[in-house]
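A.B. asks: Going line by line, the protein sequences match chains A and B.
Each number in the numbering used here comes from the position in the first sequence (counting from 1) with 1 added on.
Each number in the numbering used here comes from the position in the second sequence (counting from 1) with 7 added on.
Hints were generated in silico from the structure; no laboratory data involved.
Incorrect hints may have been included.
[Unchecked claim] Listed next, the in silico SDA-like pairs over lysine to any residue satisfying Cα-Cα at most 25 Å (straight line): (1) B:K45 <-> A:I13; (2) A:K58 <-> A:T39; (3) B:K44 <-> A:T15; (4) B:K75 <-> A:E104; (5) B:K45 <-> A:Q45.
This structure is a prediction, so every number in the text was calculated from the model and none was measured.
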Amino acid sequence: KAGVTQTPRYLIKTRGQQVTLSCSPISGHRSVSWYQQTPGQGLQFLFEYFSETQRNKGNFPGRFSGRQFSNSRSEMNVSTLELGDSALYLCASSLLSNRGNAEAFFGQGTRLTVV
Amino acid sequence: DQQVKQNSPSLSVQEGRISILNCDYTNSMFDYFLWYKKYPAEGPTFLISISSIKDKNEDGRFTVFLNKSAKHLSLHIVPSQPGDSAVYFCAASRNAGGTSYGKLTFGQGTILTVHP
């Protein structure tokens, strides 16, 4: 069974540009979450999608947005990039039961560098 | 507000001995806890989880203990191996009531080094 796939693995962008990251979850997983990892802030939750609906959002500015498609693939977009957006962006997929407890499986991440 | 804390930035252990990684949380609404292992520039790898209705869960060399009254969990690795050297993150989620599906709150991580 294929794992979570994130593309691209590495990106270099200039301040002010926008960027779109892609995530393909494990087959059958309908929940996709995004996290940002930086040395200073650790792993921080961005947002979570389930059946194409955003169910939860972390404390990030509106420049960070996402969406999920009917095949559960997800994209996140960051507009007007700032130097502080340089980070490892991680996508995780889960097979959530009605009780909600399920492990999240992470992709390899996209390393974004803003110059 | 750091709701999940790993107070030890690093831990060094001899091969074959026990590694004990600790994690504290402040939000009493958390009811599911997970441990992940992470190498640099890679995504976290799931290790083991525990529901708040249990106080212990084992999987091979890994055992997680949960003390709800103390809001504390720990990961025991026995015996420790050099390949266990990585950053370990604990994470918590709140799923009762259904308002936090899929959201994990992570600790800052503990760097484990296992010496041969």
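A.B. asks: Please list, smallest to largest, the hint numbers that this structure does not respect.
C.D. replies: 3
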